[in-house]
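Chemist: Numbering (UniProt numbering), first residue to last: 1 to 119.
These aren't lab readings, by the way, just hints derived from the structure by calculation. Just to be clear, a hint being listed does not mean it is correct.
Pair by pair, the computed Cβ-Cβ distance ranges are [what the hints assert, rightly or not]: (1) 43 with 63: 29 to 35 Å; (2) 105 with 14: 19 to 25 Å; (3) 111 with 19: 17 to 23 Å.
Using N, Cα and C, we set each Cβ at its ideal position, and we do this for glycine too.
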Amino acid sequence: MGLDMYLSTTTKQERMVFYWRKANQIREWIANRANEDREEQIEYRLSKNELTNLLEDIQKVMSKPELASDILPTASGFFFGSTEYDQYYFAELARTLEELKPIVDDLNKNETLLYGEWW
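Whenever a hint applies, use it, and build me the whole structure from the sequences.
Modeler: As structure tokens, then:
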């Protein structure tokens, strides 16, 4: 078991376009925007603008790792994985930046992606 996180299209034929596992720093970033109870599973629509902001925050942390705890802090939870700012933390940010950017670039201005999670 663990924190599984998804981004899906919001069309009639919903399909998953991105997946994270135990990337609690990403979950915390989204939870802050969704104003959701951190103890509950979150479902939230992310706009292209919000996703662009996430990518910009990741880029800031990758450029200046000392800002990680301020910009993309980790979050604890029973199934959430490590709260260390270690190799895994930065590898997940690098993967997100590399793989999510083309997806966000392809979204039209008013399109959203649905964030969901399960643990």
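Chemist: Which of the numbered hints are not met once you compare them with the structure shown?
Modeler: Every hint satisfied by this model.
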